[in-house]
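Sequence lines, in order, name chains A and B. Numbering-wise, my numbering comes out as the position in the first sequence, counting from 1, plus 45. Numbering-wise, my numbering comes out as the position in the second sequence, counting from 1, plus 178.
Some hints here could point you the wrong way.
[As the list claims (entries may be wrong)] When the alpha-carbon atoms are kept at most 25 angstroms apart in a straight line, the in silico PhoX-like pairs for lysine-lysine are as follows: (1) K68/A - K248/B; (2) K341/B - K147/A; (3) K326/B - K341/B; (4) K240/B - K154/A; (5) K192/A - K230/B; (6) K80/A - K329/B; (7) K198/A - K248/B; (8) K154/A - K341/B; (9) K154/A - K211/B; (10) K147/A - K135/A; (11) K329/B - K147/A; (12) K147/A - K256/B; (13) K240/B - K144/A; (14) K154/A - K248/B.
FYI, nobody ran anything at the bench for these hints, they're computed from the structure.
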Amino acid sequence: MAYAVSLETYEGPLDLLINLIQKNKIDIYNIPIAKITNQYLLQIRTWQDMDMDVASEFVVMAARLLEIKAKALLPKNEDEQEDPEDLQAKLVRQLVEYKIFKEISHYFKTREQIELCAIYRDPEYIPQNIEEIPLVIDPYALEQCFKQLLFQKEEELEALAPAQKIIRELFNIEEKIAEITEILVQAGVDGVSFSELLRPEITREEVVVTLQALLEMVKTSGLRLLQNRVFIDFQIHREVENDEQ
Amino acid sequence: MMNSDELAGVIEGVLFGAGDGVSLTELCRCLDKPISEVQFAMEILKQDYQSKARGIRLVQIKDSYQLSTKPEYYGYIKEITRHQEKTGLSRAALETLAIIAYRQPITRLAVDELRGVSSSSAIQRLLDRGLVCDGGRLEAPGRPILYKTTKAFLKTMGFTSLKEMPEFEVFSQEKQESFSLELLNSESQNNPDSSEDLLAGMLEKTIVDAQILEAAQ
Numbered sequence: 046m047a048y049a050v051s052l053e054t055y056e057g058p059l060d061l062l063i064n065l066i067q068k069n070k071i072d073i074y075n076i077p078i079a080k081i082t083n084q085y086l087l088q089i090r091t092w093q094d095m096d097m098d099v100a101s102e103f104v105v106m107a108a109r110l111l112e113i114k115a116k117a118l119l120p121k122n123e124d125e126q127e128d129p130e131d132l133q134a135k136l137v138r139q140l141v142e143y144k145i146f147k148e149i150s151h152y153f154k155t156r157e158q159i160e161l162c163a164i165y166r167d168p169e170y171i172p173q174n175i176e177e178i179p180l181v182i183d184p185y186a187l188e189q190c191f192k193q194l195l196f197q198k199e200e201e202l203e204a205l206a207p208a209q210k211i212i213r214e215l216f217n218i219e220e221k222i223a224e225i226t227e228i229l230v231q232a233g234v235d236g237v238s239f240s241e242l243l244r245p246e247i248t249r250e251e252v253v254v255t256l257q258a259l260l261e262m263v264k265t266s267g268l269r270l271l272q273n274r275v276f277i278d279f280q281i282h283r284e285v286e287n288d289e290q
Numbered sequence: 179m180m181n182s183d184e185l186a187g188v189i190e191g192v193l194f195g196a197g198d199g200v201s202l203t204e205l206c207r208c209l210d211k212p213i214s215e216v217q218f219a220m221e222i223l224k225q226d227y228q229s230k231a232r233g234i235r236l237v238q239i240k241d242s243y244q245l246s247t248k249p250e251y252y253g254y255i256k257e258i259t260r261h262q263e264k265t266g267l268s269r270a271a272l273e274t275l276a277i278i279a280y281r282q283p284i285t286r287l288a289v290d291e292l293r294g295v296s297s298s299s300a301i302q303r304l305l306d307r308g309l310v311c312d313g314g315r316l317e318a319p320g321r322p323i324l325y326k327t328t329k330a331f332l333k334t335m336g337f338t339s340l341k342e343m344p345e346f347e348v349f350s351q352e353k354q355e356s357f358s359l360e361l362l363n364s365e366s367q368n369n370p371d372s373s374e375d376l377l378a379g380m381l382e383k384t385i386v387d388a389q390i391l392e393a394a395q
């Protein structure tokens, strides 16, 4: 799968539409619906080609645009409840309003960035001066505090958590190969079954290492593994003896 | 008898000592002075802080006062405090906040309609940050929650009160520039005040930002 990067992100279909309108230097009150619909659909197809999930809101808007476009093309039907101009006017109202809120969000961002630079002093904590004050606790505020604490704790824990844990290797493949070789020599021509290699109290780790060791041995020292059908125990023989015969 | 300058000094001490915001009524009570005198002294303090020789500013949120460092000096302060760089709100959260701020009290569904996308996660983030809160219920099927902004919102955005927010119409494209300029002029004439200057500076910056944005597009 190709690795796709989209440089522009949109907060939603309205955001995308406003972007298209600005790109084309179109008057928002006079949108050439066919042109914008085509560009909108093109953008969505581009995302689909890039294996990106297209949120359902974008698809709904595409349907809305197509409806306006289709109705504008068809001859006017007197009985019809909504005429295409109404549909388009509704969309324009929505776009104009959204655009204003977008402007406000930019304005808020600027102000927020300035205020982030102000540092407030925390009240000093003086334990011996604590008076008993009857508390009126707003349950929502308490919930809020608790959530913030949890969030903070999580962040602290994350900061403290080691990036990686290194666990001592209890079993290694080399030792296991030596062990299996010895068992096979003792077993002679009959070989052993895989289950015989696994002691009853064996850990999951050791099972994995045993299997890895076997695979390694198949590759390097010539073992023959026989299994009658899938998912059952298998028999292990030393290839060497067969060669000697 | 304490004169106004002295009173300003006492207020500065009280605000520094408290750390948290102190309301005007609380100040009057602990200073045992009438509101008018406290307000007058507060003005002196405000004027004093405007000077470049001071690194502190007086922040007013609704009727409570608090001291903070001047944002323009942050570059120097962070050198010593090694504060972790604070991150701002995401685009989705800012859009949602803008809608709630200007349309409050408002339901989540109405926010969704204005943005054209679901806003539940953005609202949750704003709730977690304490920037919006439950402002009652709409008497409609399902009695949906109405959201409104909090004091923390005012503090985050540097507004004294909701009334200080520019009119909604200021942001509509046709009027934006002229309104901003009007706002700049009227305020710098009538109120040569630090917070007002700051606002003017911000507005200027917003206009420049908008121009940059437009140019980029």
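- request: Provide an ascending list of the numbers of those earlier hints which the structure does not satisfy.
  value: 1, 5, 6, 7, 9, 12 and 13
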